[in-house]
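With chain X fixed as given, assemble chain A with the ligands onto it according to the hints.
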Amino acid sequence: MAILVVAEHDNASLKDATNKVVTAAKALGGDVDVLVAGSNASSAAQAAAKIDGVRKVLRADGATLAKQMAEPLQALIVPLMASYDAVLFPASTTGKNAAPRVAAKLDVSQVSGVIGVKGADTFVRTIYAGNAVVTVKDGQAKHVLTVQPTAFKAAGNAGSASIEQIAAPAGPFKSAFVSEEMAKSDRPELTAAKRVVSGGRALGSSEEFHRVLDPLADKLGAAVGASRAAVDAGYAPNDYQVGQTGKMVAPELYVAIGISGAIQHLAGMKDSKVIVAINKDEEAPIFQIADYGLVQDYKTAVPELMNALTKAGV
Amino acid sequence: MKVLVPVKRVLDFNLKVRVKPDGSGVDLSNLKMSINPFDEIAVEEAVRMKEGGGGHRAGAASEVIAVSIGPEQAQETIRNALAIGADRGILVKAEGEVEPLAVAKILKGVIETEKPDLVILGKQAIDDDSNATGQMLAALLDWPQATFASKIVLHDDKATVTREVDGGLQTLDVELPAIVTTDLRLNEPRYASLPNIMKAKKKPIDIKTAADFGVDTAPRLKTLNTTEPPKRSAGVKVKTAEELVGKLKEAGVL
Ligand SMILES: Cc1cc2nc3c(=O)[nH]c(=O)nc-3n(C[C@H](O)[C@H](O)[C@H](O)COP(=O)(O)OP(=O)(O)OC[C@H]3O[C@@H](n4cnc5c(N)ncnc54)[C@H](O)[C@@H]3O)c2cc1C
Ligand SMILES: Nc1ncnc2c1ncn2[C@@H]1O[C@H](COP(=O)(O)O)[C@@H](O)[C@H]1O
Chain X
10 MAILVVAEHD
20 NASLKDATNK
30 VVTAAKALGG
40 DVDVLVAGSN
50 ASSAAQAAAK
60 IDGVRKVLRA
70 DGATLAKQMA
80 EPLQALIVPL
90 MASYDAVLFP
100 ASTTGKNAAP
110 RVAAKLDVSQ
120 VSGVIGVKGA
130 DTFVRTIYAG
140 NAVVTVKDGQ
150 AKHVLTVQPT
160 AFKAAGNAGS
170 ASIEQIAAPA
180 GPFKSAFVSE
190 EMAKSDRPEL
200 TAAKRVVSGG
210 RALGSSEEFH
220 RVLDPLADKL
230 GAAVGASRAA
240 VDAGYAPNDY
250 QVGQTGKMVA
260 PELYVAIGIS
270 GAIQHLAGMK
280 DSKVIVAINK
290 DEEAPIFQIA
300 DYGLVQDYKT
310 AVPELMNALT
320 KAGV
Chain A
3 MKVLVPVKRV
13 LDFNLKVRVK
23 PDGSGVDLSN
33 LKMSINPFDE
43 IAVEEAVRMK
53 EGGGGHRAGA
63 ASEVIAVSIG
73 PEQAQETIRN
83 ALAIGADRGI
93 LVKAEGEVEP
103 LAVAKILKGV
113 IETEKPDLVI
123 LGKQAIDDDS
133 NATGQMLAAL
143 LDWPQATFAS
153 KIVLHDDKAT
163 VTREVDGGLQ
173 TLDVELPAIV
183 TTDLRLNEPR
193 YASLPNIMKA
203 KKKPIDIKTA
213 ADFGVDTAPR
223 LKTLNTTEPP
233 KRSAGVKVKT
243 AEELVGKLKE
253 AGVL
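Protein chains in written order, with the numbering used here: chain X, 10 to 323; chain A, 3 to 256.
Since the hints were made in silico from the structure, they are not lab data. Remember, it's a predicted structure, so these values are computed and weren't measured experimentally. For each residue, glycine too, the CB sits at the ideal point set by N, CA and C. Take the hints with a grain of salt, since some may be wrong.
[As the list claims (entries may be wrong)] Negatives, chain A to chain X, calculated, CB over 12 Å: (1) 40; (2) 64; (3) 65; (4) 75; (5) 90; (6) 104; (7) 115; (8) 130; (9) 171; (10) 177; (11) 194; (12) 204; (13) 206; (14) 239; (15) 243.
[What the hints assert, rightly or not] Just a few of them, taken from the derived set where beta-carbon distance is under 7 Å, the chain A residues facing chain X: (16) 17; (17) 18; (18) 131; (19) 147; (20) 195; (21) 222; (22) 240.
[What the hints assert, rightly or not] Restraint ranges, calculated between C-beta atoms of paired labels, are given here: (23) X:189 <-> A:117: 28 to 34 Å; (24) A:78 <-> X:148: 30 to 36 Å; (25) X:89 <-> A:177: 42 to 48 Å; (26) X:195 <-> A:56: 34 to 40 Å; (27) X:127 <-> A:144: 31 to 37 Å; (28) A:14 <-> X:89: 28 to 34 Å.
Chain A with its partners taken away, still in its complex shape:
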């Protein structure tokens, strides 16, 4: 079984984004970029399907392919996935912001040549917070989907997936090929070891462009302005619980 994992290069989750004072966008210059945390979880799950572990038998996956759509530097994100244990990478070069719809169309093109049995995406990119690409891809392919996965059990021609939903947990069966998107509790990704980081440098990365797939990446949505959220100022420190209750009464919330 072949598994494809789309990985996005995003601002590192530890960093706080800066909004440009003129409202024209966010300033990412000189800030550390990393693999989207949900995508790291997706790669880890795919690699466990290959190596065994996390409830998967070794060899359940025969090959793990990491795909990123973005600038030249997204190669580093793919190398990240290769260091966790993916076998090879595909970089689809595209400049500027690529909306989930265009990403999904490009991924559809990749899938038509690669023919994976399973595609594992993150549930959400922590920069655009869209939570859309996996579902869009599933619709474009007419595949079933299991989003927000916290557990995946593979069978011959289907996967049983437990999903984190608002009221609790829901379990589905999806026929393969299928789309799965990861939630945070699916697994805890490993730290890539130095030898594996070195090995990753030798693994192949194919370079393509969005035009190779006939996809127009011009945004459909126009950002008129970008601002800082309204600032909440720090309030007061109270000394005792009694004082706190007094303040809450004054504020009219008790």
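Same shape as in the complex, but just chain X:
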């Protein structure tokens, strides 16, 4: 079996999600190649070549791939699938955007958001915001999967695969990149962070959200997340949203501050190793899944937590 993994990267650097999807790919059993589709992405391709267990890296480099948009990715990947039995995309916004186009062109039903691999054709995923787990058998000639990176351990970086150049698609395409507004942050990336501090509607304003959460996140070396309510109200940017329709996170420590714990939010964070909830309402559903609950107003709880952390040498 030959398996293709589509790398997650921003041209400059390879994302850890790629290593995690490679682990999922290896569980299918077979040769694993990694596709790095981008523009001036040689450093990402070199990093991909170091992932343990990768046979070779395919590097397609060109202007049409600069933003990894869906149409050029489809044009690139569909012909490649003549030599592969399965293609795995990370369940990132880039992967989710492109994978179904590839699946439709191959006349294949896609398996979305895979969290477990039980063999070459048997996959585990969740439905209904994580409230049901299904095991599906995919008897199709080719498999197209998006993989939830948080569900897999990252493959190591001691490999030395060869890098093969392939042509980027020429176009023209019917969609064109106009602009982007990317958040700049020195904090770890939300989906890969070991610790996450999230805020909810209780924070009340953007100023308050950042005043309360940023110092705590910095102290813990954590990424900052948010509930949908906090994002909708404009307290936090959209890419902070954790949940069924936002990002899936599974850090070692998740601290939910002023978040009630709606099922859609829990869907995105309930696989965290240790969950802490700070909420002034002792009936808040978040306490039903929290390992440690502190029933307090965040206005007193967070400053006290900062002090206690300092005292404890954190």
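What follows is chain A with the ligands alone, placed relative to chain X:
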């Protein structure tokens, strides 16, 4: 400009699904079903394109058509869309679970007769959580796509769409006809007024079947079993932040 909006009948988002104890699936009997929340947002956007509002000029859309693929009761979902302001509906009857690929093939058939300039879908159905149908449809039609939209600006022959992506926001131009899928922050759907609910009852709904489009809806993927996710038990309540830090140290996460 004609706008087509596919709407799915799903378990109401406020309800928690029950997994059948024998692992054979989920039990939806006697549970409230509603329009998929992302599809409600899609209908609202299309109706604003017709009525004006949300940055659209009145008349930008000439007609809004709601399509649902599902059982007889999916007519209620279409009525929901008609009450928000869609003009007419199409129900394509299909029993059982219809995978996104088959939905996309049926929608392609509908689009070949209706010839819309824009199709707005939800980014994801909250039951199967697939996030696939819109992209598949775009590929089958060889149309451009702008998924996870939080803003749509219409021009004569293209749309400028802002998308919610992992690192922030991205803006694209897509030539029309195009596929757009909605994210939660595109708009806030209205509550349908009673007069509009009454009016919706008189709007026409065409009834078709999957066979009319020559699409086989048999699932390609076989569900072997359905289980509850591992339960997380509630932990302990701590009294102070100091106690919390102590516990976190013990747990080895600090
Ligand atoms: C289709 C769909 C998709 C969705 N997807 C997501 C998703 O991906 N992610 C997501 O998060 N939500 C999602 N939601 C929304 C979800 O249903 C909830 O509405 C949302 O998570 C609530 O956010 P919240 O907990 O911040 O707000 P609230 O539910 O309003 O909770 C605020 C909490 O703060 C507490 N509080 C108030 N003041 C204080 C104080 N001073 N100190 C301490 N505590 C305080 C309150 O007791 C309360 O528990 C989705 C909804 C739909 C319909
Ligand atoms: N049975 C259906 N009938 C109508 N529209 C559907 C159906 N299934 C999916 N869709 C549309 O496709 C979107 C994405 O669904 P999914 O790919 O299943 O997550 C939904 O938000 C709907 O707009």
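How the hints compare with the structure:
| no. | hint | verdict |
| --- | --- | --- |
| 1 | 40 | violated, 8 Å |
| 2 | 64 | holds, 22 Å |
| 3 | 65 | holds, 23 Å |
| 4 | 75 | holds, 19 Å |
| 5 | 90 | holds, 27 Å |
| 6 | 104 | violated, 8 Å |
| 7 | 115 | holds, 20 Å |
| 8 | 130 | violated, 6 Å |
| 9 | 171 | violated, 5 Å |
| 10 | 177 | violated, 4 Å |
| 11 | 194 | holds, 21 Å |
| 12 | 204 | holds, 34 Å |
| 13 | 206 | holds, 30 Å |
| 14 | 239 | violated, 5 Å |
| 15 | 243 | violated, 4 Å |
| 16 | 17 | violated, 9 Å |
| 17 | 18 | holds, 6 Å |
| 18 | 131 | holds, 6 Å |
| 19 | 147 | holds, 6 Å |
| 20 | 195 | violated, 24 Å |
| 21 | 222 | holds, 4 Å |
| 22 | 240 | holds, 5 Å |
| 23 | X:189 <-> A:117: 28 to 34 Å | holds, 33 Å |
| 24 | A:78 <-> X:148: 30 to 36 Å | holds, 34 Å |
| 25 | X:89 <-> A:177: 42 to 48 Å | violated, 26 Å |
| 26 | X:195 <-> A:56: 34 to 40 Å | holds, 36 Å |
| 27 | X:127 <-> A:144: 31 to 37 Å | holds, 35 Å |
| 28 | A:14 <-> X:89: 28 to 34 Å | violated, 42 Å |
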